[in-house]
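Trainee: As a plain string of letters, each chain reads:
6 protein chains.
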Amino acid sequence: MSSIIRSALSGSRRLYHPALTAVRAMSASGPTPPFTTLSISQPATHVTHVELHRPDKRNAMNKAFWREMVECFNQIAEDPECRAVVFSGAGKVFTSGIDLMDMASEILQPEGDDTARMAWHVRRIITKYQETFSVIEKCPKPVVVAVHGACVGAGVDLITACDIRLCSQDSWFSVKEVDIGLAADVGTLQRLPSVIGNRSLVNELALTARKMYSDEAKSCGLVSRVLPDKETVLTAAMEIAGEIAARSPVAVQGTKINLIYARDHSVAESLDYMATWNMSMLQTQDLMKSAQAAMEKKTPKDVVFSKL
Amino acid sequence: MSSIIRSALSGSRRLYHPALTAVRAMSASGPTPPFTTLSISQPATHVTHVELHRPDKRNAMNKAFWREMVECFNQIAEDPECRAVVFSGAGKVFTSGIDLMDMASEILQPEGDDTARMAWHVRRIITKYQETFSVIEKCPKPVVVAVHGACVGAGVDLITACDIRLCSQDSWFSVKEVDIGLAADVGTLQRLPSVIGNRSLVNELALTARKMYSDEAKSCGLVSRVLPDKETVLTAAMEIAGEIAARSPVAVQGTKINLIYARDHSVAESLDYMATWNMSMLQTQDLMKSAQAAMEKKTPKDVVFSKL
Amino acid sequence: MSSIIRSALSGSRRLYHPALTAVRAMSASGPTPPFTTLSISQPATHVTHVELHRPDKRNAMNKAFWREMVECFNQIAEDPECRAVVFSGAGKVFTSGIDLMDMASEILQPEGDDTARMAWHVRRIITKYQETFSVIEKCPKPVVVAVHGACVGAGVDLITACDIRLCSQDSWFSVKEVDIGLAADVGTLQRLPSVIGNRSLVNELALTARKMYSDEAKSCGLVSRVLPDKETVLTAAMEIAGEIAARSPVAVQGTKINLIYARDHSVAESLDYMATWNMSMLQTQDLMKSAQAAMEKKTPKDVVFSKL
Amino acid sequence: MSSIIRSALSGSRRLYHPALTAVRAMSASGPTPPFTTLSISQPATHVTHVELHRPDKRNAMNKAFWREMVECFNQIAEDPECRAVVFSGAGKVFTSGIDLMDMASEILQPEGDDTARMAWHVRRIITKYQETFSVIEKCPKPVVVAVHGACVGAGVDLITACDIRLCSQDSWFSVKEVDIGLAADVGTLQRLPSVIGNRSLVNELALTARKMYSDEAKSCGLVSRVLPDKETVLTAAMEIAGEIAARSPVAVQGTKINLIYARDHSVAESLDYMATWNMSMLQTQDLMKSAQAAMEKKTPKDVVFSKL
Amino acid sequence: MSSIIRSALSGSRRLYHPALTAVRAMSASGPTPPFTTLSISQPATHVTHVELHRPDKRNAMNKAFWREMVECFNQIAEDPECRAVVFSGAGKVFTSGIDLMDMASEILQPEGDDTARMAWHVRRIITKYQETFSVIEKCPKPVVVAVHGACVGAGVDLITACDIRLCSQDSWFSVKEVDIGLAADVGTLQRLPSVIGNRSLVNELALTARKMYSDEAKSCGLVSRVLPDKETVLTAAMEIAGEIAARSPVAVQGTKINLIYARDHSVAESLDYMATWNMSMLQTQDLMKSAQAAMEKKTPKDVVFSKL
Amino acid sequence: MSSIIRSALSGSRRLYHPALTAVRAMSASGPTPPFTTLSISQPATHVTHVELHRPDKRNAMNKAFWREMVECFNQIAEDPECRAVVFSGAGKVFTSGIDLMDMASEILQPEGDDTARMAWHVRRIITKYQETFSVIEKCPKPVVVAVHGACVGAGVDLITACDIRLCSQDSWFSVKEVDIGLAADVGTLQRLPSVIGNRSLVNELALTARKMYSDEAKSCGLVSRVLPDKETVLTAAMEIAGEIAARSPVAVQGTKINLIYARDHSVAESLDYMATWNMSMLQTQDLMKSAQAAMEKKTPKDVVFSKL
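Chains as they are written, first to last, in the working numbering: chain Y, 4 to 311; chain A, 4 to 311; chain V, 4 to 311; chain X, 4 to 311; chain H, 4 to 311; chain W, 4 to 311.
Derived by calculation from the structure, the hints in this document are not laboratory data. Accuracy of the hints is not assured; some may be wrong.
[Said to hold, decoys possible] Some chain V residues judged to face chain W by a derived CB distance under 10 Å, without partners named:
1) A119
2) R126
3) G257
4) Y264
5) Q286
6) D289
7) K310
8) L311
[Said to hold, decoys possible] Subject to a maximum C-alpha distance of 30 Å in a straight line, what follows is the list of computed BS3-like cross-link-like pairs (lysine-lysine):
9) Y:K131 / H:K66
10) X:K292 / X:K141
11) A:K310 / X:K131
12) Y:K141 / H:K66
13) H:K60 / X:K304
14) X:K141 / A:K141
15) H:K66 / H:K141
16) X:K300 / H:K66
17) H:K141 / W:K214
18) X:K304 / H:K95
19) V:K300 / Y:K95
20) H:K301 / W:K301
21) X:K66 / A:K310
22) X:K66 / W:K301
23) W:K304 / X:K95
Small disclaimer: the values here were computed from a predicted structure and weren't measured. Where is the CB? At the ideal position from N, CA and C, for every residue including glycine.
Let's have the full structure, built from the sequences with the hints guiding it.
Mentor: Below is the structure:
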């Protein structure tokens with residue numbers, strides 16, 4: 004049960020408005036308690052909007068953020084009302100990456116004086132932070148990310164774990180880690196090569212930390228669309244999320260799960276997994292409902308699907 | 004022995020014309036018996052043309068099609084005369100996907116009343132249908148697919164199993180499955196991510212079923228060329244197939260097999276497999292013939308290679 | 004110890020000039036002894052330039068080349084002074100591929116009269132030649148390759164093992180192997196599919212041996228930049244190498260190693276490996292130095308990193 | 004539909020006797036048409052007995068055998084009446100391995116004079132023969148093999164593809180291939196190491212072709228039981244098959260499929276596959292029937308399960 | 004922080020007695036709050052004893068158990084005082100497996116009427132239960148399990164996830180799942196084949212659910228020792244745990260992690276991971292301390308290692 | 004070319020005696036120059052004997068040993084005269100493991116003061132030492148190891164990389180690494196689990212460093228035979244090596260390569276690799292020679308096979 008998100012949405016501050024699509028209202032006035040870095044809302048039926056909300060800190064990721072992301076997406080994964088997620092950043096930029104000031108103590112000064120024991124501590128932290136973004140991937144509901152302005156360091160780790168990436172014209176990206184003396188270890192090096200189809204560019208970005216602007220991001224495939232500004236990119240993300248949310252959740256979530264499975268396995272293994280997956284999923288009523296709608300020239304939006 | 008294809012090609016209706024390259028004649032007047040959905044011809048030496056031939060049904064894939072594809076490509080795999088294949092669709096469009104009417108009984112109403120036993124039945128069918136497109140991949144002769152007009156649902160599953168994809172200007176593609184309530188289970192989700200280098204786009208296409216037109220298909224790499232119309236795309240496909248068919252079949256087929264192997268294995272494993280493969284293949288006379296031709300400034304087309 | 008490279012760089016013929024960036028001087032007057040096909044220099048601090056140097060033979064790869072590459076890159080891997088490598092070809096073209104004349108005896112006429120024993124011999128040679136390019140990948144220092152003019156056959160095998168690819172406007176590429184009757188067996192078929200994000204094009208190139216020019220190479224992602232001519236592409240490569248060399252070698256080399264690991268493993272495995280890798284690497288002083296520089300608004304170039 | 008096996012069982016020669024367990028009648032008087040090397044019977048409800056039947060040739064495997072095995076096990080896989088299989092050999096010994104005389108032409112004298120083309124032919128044959136034993140593994144019904152006397156060469160390939168192995172006291176085994184100049188290529192080298200838990204012994208057997216007798220076969224785990232003679236080993240195999248056949252086919256066949264999956268994948272992958280598999284299988288009525296029987300202190304034999 | 008376990012151990016009911024090795028006291032009088040099915044104690048320095056404690060229910064696994072195991076082992080994983088774990092069962096038998104009565108509602112009657120949605124629910128439960136035993140494996144502290152009497156169904160799933168298995172003479176084991184109509188889905192089918200080296204026996208056990216007694220369990224390798232009775236098996240388990248706890252936790256836990264890694268990867272991958280792991284671990288002071296002790300003819304027990 | 008071994012064998016000190024089988028002479032009077040830790044001889048046709056020869060140091064492995072092993076086995080791999088190898092230890096025991104005194108400087112005191120740079124150094128050393136034993140595995144000639152007396156620490160790493168293991172009655176084994184504060188990192192943890200079929204025992208040995216004596220080594224499958232003493236175990240090893248050396252080297256070495264491949268891949272992948280391997284290997288004359296000998300009731304020893 005996703006009690007926090009449920010109560011947040013039913014609370015007085017952010018009422019449940021199924022038809023609400025006004026983008027203007029999307030950027031929340033503050034985080035949704037108990038979260039301190041995330042603002043959760045439901046701008047449209049079956050669509051959850053998660054906003055990284057530390058605008059005065061350029062949405063830098065502090066210690067609380069890493070923990071709250073896991074809690075938030077684990078709840079979204081269980082929330083039967085949610086069928087698609089939009090992720091964005093509040094304020095001027097998407098994110099400036101990790102909050103070095105807040106996290107320095109944890110990363111730069113591991114406790115103890117034995118190298119092995121400090122290493123053990125370091126590994127535990129990295130694994131925990133990796134999980135912060137892996138939850139996005141493990142959550143079966145598709146996540147559309149809307150980037151505007153800067154998307155730096157851990158921001159790239161974050162967006163490569165999302166399913167669909169859009170950005171505004173003023174966006175720029177930087178795999179910044181090499182500049183602060185480390186190899187990016189919470190997802191970028193692992194996911195970026197399968198996200199964009201230009202390995203020379205992947206290497207260049209990761210090894211030089213150079214900025215990449217929105218046009219290049221589009222042409223290399225990091226994002227699938229560039230929109231004029233923050234408002235339009237958010238609207239576009241909402242539209243895509245709306246399209247997804249209107250379809251059978253059995254079909255949509257099975258698609259996400261199998262797409263991710265296919266990335267990590269051979270085609271033969273993926274086909275076998277898919278066939279095994281659909282043993283039960285093809286017995287859903289959604290198939291009959293959808294097929295009937297299709298024959299009647301209706302769209303999925305005309306069909307009511309049960310919760311999943 | 005590929006008796007059916009051989010007899011079809013030597014039969015009265017479609018005579019063997021080694022030099023025939025007239026595209027006009029390419030669209031057959033009907034399926035080649037015993038096939039009821041496929042028309043087989045040999046438009047040029049060592050090139051086999053397989054045409055999906057249900058034009059009045061928009062080349063929808065019915066039960067017979069799934070079975071005939073396997074039979075057809077297994078025979079092509081064994082046919083020593085064939086060195087390259089062109090695949091296209093007859094009539095107005097490439098294909099509208101599965102023939103829901105014809106297949107509904109099998110898919111939508113599995114027999115029995117026990118979920119597990121129905122699931123068993125479902126898995127058997129999916130596995131059988133997956134094989135329909137996997138035979139294209141298992142056939143060591145390269146397959147060039149020429150798309151025109153609509154390429155919907157199972158059509159995308161089909162073309163992602165082909166080696167080279169071309170399309171006409173009026174083509175559009177749609178990963179339609181999510182619209183009828185299921186996750187695409189006969190190849191698209193498994194192969195598309197390694198076919199095009201833009202994962203955000205792959206996800207968007209698979210999760211929203213939106214149409215993608217030829218220009219975007221070219222820029223994202225789904226097709227390697229866009230031609231003006233059906234006739235020109237077929238001509239271009241024939242030319243590529245002709246180029247391939249003119250080269251050493253030992254070299255060509257070894258290349259296809261190893262490219263597919265590399266997709267599913269690490270680089271180290273693929274290099275090992277390749278070295279093992281070429282233990283025998285480098286002992287071919289084709290190598291000496293080709294090397295000699297190269298030194299004499301001739302092209303592979305000037306060399307006669309033995310059957311394979 | 005990288006005695007040969009060290010002595011070469013400290014020898015009278017090619018003095019050590021840390022600040023030397025003059026591109027004009029880059030193309031050496033001859034190979035660096037004891038090498039006969041490679042010219043080694045150090046055009047800038049921490050940057051090693053390896054030039055394939057058989058200009059009068061269009062940089063064709065002879066028997067000596069295959070052996071010298073392994074020796075050269077094994078030494079570079081151990082050389083604590085080197086943090087980035089630029090690879091280019093001397094003369095008119097990058098390379099015309101293998102030197103058929105020189106190598107024919109080895110490849111075309113394996114000794115013995117028993118097929119299995121000849122096969123054994125063939126496999127040993129292929130494995131040895133595969134290693135020639137795999138050393139580029141195993142060397143943890145990033146390799147930027149600058150292509151100009153022709154890059155044919157084994158040249159494509161070579162560049163796909165490099166990390167960053169640039170080319171001049173007049174460059175063209177051809178996976179030539181199929182034209183001489185064999186499947187490319189020293190890396191192209193194994194690495195190209197993960198280098199560029201258009202599988203249809205990969206197949207077309209490998210199966211037809213057609214030329215691909217610089218513009219297409221850029222749009223498909225084989226290279227990340229096209230420069231006007233040989234001089235500018237080399238300058239650009241030096242700049243990128245300089246950027247890389249200025250950063251923490253702990254960060255840079257860990258990044259290369261983990262990017263290559265990620266190509267060959269699932270995301271989950273790669274994240275695990277990365278966390279294990281950084282157990283020790285995050286304890287480096289480079290991290291503190293870099294973080295401090297970042298907070299002081301300095302760049303990595305202002306930091307002095309210890310040898311690695 | 005398994006027409007051949009069905010008609011064989013309903014024919015006049017070998018009537019359907021559900022309760023027949025008399026071992027004496029098990030060794031058939033001849034092959035079951037249209038098979039020429041296999042005798043098929045149904046000694047007990049839901050149990051199929053496949054007997055390799057060329058007693059006067061010491062059950063040597065001729066060309067027909069390889070083909071008939073595939074046909075036979077594909078039919079058994081589809082036969083809803085069959086829930087477990089017993090495999091044994093007619094006459095004095097289990098099998099002397101391949102029939103060199105019958106197969107020499109195919110294996111020893113491949114057609115053609117080009118090494119690559121002969122290699123192509125050889126690979127096709129090996130792949131076909133590998134499939135002969137892989138069908139045993141792909142058939143979801145467990146196969147209990149009862150060995151007596153000699154089990155040589157391809158006989159070992161065969162039994163390692165079976166699920167449960169028993170043998171009589173007079174049995175002996177030999178991985179004979181190395182003695183006729185080849186590496187065993189239809190399964191032994193691939194399956195034996197995961198079949199028995201003593202790698203030193205596996206290597207010794209495969210590299211020296213020495214005989215291993217029943218006692219050592221038991222102690223190393225090649226067989227799970229040794230019985231006094233052919234009659235008792237067959238009886239024991241029938242009893243085990245009967246035990247298996249009495250249980251829910253959903254449970255039994257899911258168990259076999261997942262055990263084989265686990266052999267070839269990591270534990271994490273196997274757990275994921277298992278959970279996906281049981282999504283549908285746990286919804287079976289067999290579970291409720293079995294659980295109810297268990298609570299009523301009945302055994303699975305008291306439950307009637309639907310066909311699968 | 005492992006607050007629960009810490010407070011349990013420091014509480015009045017079960018005082019911390021570093022030297023306590025009296026086996027008589029090992030079987031607790033009841034579960035350790037807040038646990039209701041597990042009793043936690045610390046019988047010796049750095050050794051934690053976890054006892055499955057539902058003796059009047061034959062230690063059947065109810066809903067609470069599945070949850071408490073995860074909580075318990077996650078805490079043990081974090082507890083710096085614990086270096087080895089002994090697991091056993093209270094009362095007459097080790098465990099009779101799942102508590103069908105308690106869990107029937109969850110497993111047998113999934114909510115909803117749509118097959119796909121029930122399947123989704125089923126998968127979530129299975130995954131959760133799999134995690135119950137996987138935490139034993141993920142916990143880097145070695146777990147020695149002491150079995151006595153019956154070890155049935157999920158009990159086998161549990162012990163195959165432990166590192167070292169001992170049993171008493173009266174023990175017997177049964178992979179019971181097939182008898183209640185399902186394929187064992189929480190670990191047995193996935194882990195048993197790599198636990199014991201006799202695949203024929205693994206298959207027989209899993210497909211027939213037959214009992215295996217202690218002697219066979221020893222000879223096939225399921226357990227590494229058989230002791231006369233419950234008391235002696237527990238003493239032996241404590242001794243082994245004590246031996247482990249006396250050694251460097253850096254060495255011990257690194258060994259467990261790498262042994263499990265090796266099970267799921269190729270030797271080459273495992274060697275690479277091991278080398279990467281030891282980059283930091285070999286820099287531990289434990290190595291110097293241990294080496295020095297070895298040179299002084301002392302044992303690890305004479306060395307004091309820091310917490311990990 | 005294996006110049007060192009060749010010259011050693013043809014030198015005055017250790018003449019080439021093809022028929023020499025006297026075990027007494029096997030233990031050499033000293034290392035074979037230029038080796039300082041290994042003594043090389045050829046006790047029988049096609050059999051090479053490698054003896055670890057530091058008897059006064061209990062065959063402890065010093066720095067020279069690690070380097071010489073690689074050189075030695077790389078030469079053996081290339082030596083066409085050698086078809087099988089026997090490995091043993093000179094003096095009282097097989098080996099006491101690493102020579103801590105000699106290696107302490109390298110392992111215990113890595114140079115530098117930056118953790119990351121020391122880690123880099125440590126990884127290089129571990130990788131180098133891993134290679135010392137991996138060369139045994141990469142050498143396609145089977146290696147039979149004859150153990151007597153102590154086999155400790157790195158000795159276990161060594162023997163698990165050999166193909167066939169024999170030991171004398173007085174042998175004992177200890178995975179000693181945990182006692183000196185590290186996880187065994189040069190092969191034991193990676194190979195032992197696939198060498199013996201009792202995972203509980205593997206874990207116990209690796210986590211407690213306890214001694215295992217010859218009888219247990221036999222019953223768990225670490226060795227395949229126990230002989231009375233050093234002389235008889237060496238004789239038995241020579242006999243097995245002789246059996247192997249008498250067979251077709253094409254068959255023998257292909258068998259070793261494919262057995263190792265199978266350990267690290269799925270059965271399907273291994274079958275594919277095997278079929279590809281035998282494309283060329285089945286075209287060997289050895290097959291015809293062997294088959295003919297078999298038909299004439301001769302043994303492989305009556306056949307003369309060409310060098311490989």
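Trainee: A separate judgement is required for each hint: does it hold in the structure or not?
Mentor: Evaluated hints:
{"no.": "1", "hint": "A119", "result": "holds, 3 Å"}
{"no.": "2", "hint": "R126", "result": "holds, 9 Å"}
{"no.": "3", "hint": "G257", "result": "holds, 8 Å"}
{"no.": "4", "hint": "Y264", "result": "violated, 14 Å"}
{"no.": "5", "hint": "Q286", "result": "holds, 4 Å"}
{"no.": "6", "hint": "D289", "result": "holds, 7 Å"}
{"no.": "7", "hint": "K310", "result": "holds, 8 Å"}
{"no.": "8", "hint": "L311", "result": "holds, 6 Å"}
{"no.": "9", "hint": "Y:K131 / H:K66", "result": "holds, 28 Å"}
{"no.": "10", "hint": "X:K292 / X:K141", "result": "holds, 28 Å"}
{"no.": "11", "hint": "A:K310 / X:K131", "result": "holds, 21 Å"}
{"no.": "12", "hint": "Y:K141 / H:K66", "result": "holds, 25 Å"}
{"no.": "13", "hint": "H:K60 / X:K304", "result": "holds, 27 Å"}
{"no.": "14", "hint": "X:K141 / A:K141", "result": "holds, 19 Å"}
{"no.": "15", "hint": "H:K66 / H:K141", "result": "holds, 21 Å"}
{"no.": "16", "hint": "X:K300 / H:K66", "result": "holds, 23 Å"}
{"no.": "17", "hint": "H:K141 / W:K214", "result": "holds, 27 Å"}
{"no.": "18", "hint": "X:K304 / H:K95", "result": "holds, 29 Å"}
{"no.": "19", "hint": "V:K300 / Y:K95", "result": "holds, 21 Å"}
{"no.": "20", "hint": "H:K301 / W:K301", "result": "violated, 60 Å"}
{"no.": "21", "hint": "X:K66 / A:K310", "result": "holds, 25 Å"}
{"no.": "22", "hint": "X:K66 / W:K301", "result": "holds, 25 Å"}
{"no.": "23", "hint": "W:K304 / X:K95", "result": "holds, 29 Å"}
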